[in-house]
Amino acid sequence: MSAHRQTSLSFASAVSNKRLEEVASYLSEEFVWRPHPERLGGLGRPEGHSKSQFLELMRGLNDIKKWNFNTENPMKVIENDKSIVVHLHGNPEHISGRIFSAEYVYMMDFDEQGKIKVLDEFFDTVYMEELARLS
1 MSAHRQTSLS
11 FASAVSNKRL
21 EEVASYLSEE
31 FVWRPHPERL
41 GGLGRPEGHS
51 KSQFLELMRG
61 LNDIKKWNFN
71 TENPMKVIEN
81 DKSIVVHLHG
91 NPEHISGRIF
101 SAEYVYMMDF
111 DEQGKIKVLD
121 EFFDTVYMEE
131 LARLS
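Using full-length UniProt numbering, you'd call the opening residue of the sequence shown number 1 and step up by one each time.
Be a bit skeptical, because a hint or two may be false.
Each computed SDA-like pair below joins lysine to any residue, with the alpha-carbon atoms no more than 25 Å apart [what the hints assert, rightly or not]:
(1) 18 / 128
(2) 18 / 3
(3) 65 / 101
Worth flagging that the hints you see were computed from the coordinates, not collected in a lab. As the structure is a computational prediction, the values presented were derived from the model and not from experiment.
Using the sequences provided together with the hints, build the complete structure.
Here it is, written out as structure tokens:
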């Protein structure tokens, strides 16, 4: 397994289980998070979000107990020397007890030290709409 693949799947597992100190350890200081599609509420913006903004948002997501990404068996992984695309399935668990089915696509660019520099995250819009109805 390549170093980028190991990092990306370990990062996804940490996100999935809300281990935020571990999440932060995978991110470069210049990290930028760009959620897609851009039309998603106030999240989507072309300039992206900084490392601190991303972690603050993660801390505030209290409606989801955990995302339950299947990082053991990603649906698809495509990589080159500095980037990777990981397609994952998850079963997010809402605080109401409802469990969803959702897909996620992470596109990650890495810096020279192997830290995640850019994360383009593509959300499952059907899941996001279902989640919004519960709020």
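Worksheet item: CA of residue 18 to CA of residue 128, is that 25 Å or under?
Response: Satisfied, since the Cα-Cα distance of roughly 18 Å is no more than 25 Å.
Worksheet item: Taking only the CA atoms, is the gap from residue 18 to residue 3 under or equal to 25 Å?
Response: Between residue 18 and residue 3 the Cα gap is close to 22 Å, so the pair holds against 25 Å.
Worksheet entry | Holds or violated: residue 65 to residue 101, with C-alpha atoms at most 25 Å apart | Distance ~14 Å between residue 65 and residue 101 Cα, so the pair holds.
Figure legend: structure checked against the earlier numbered hints; every hint is met.
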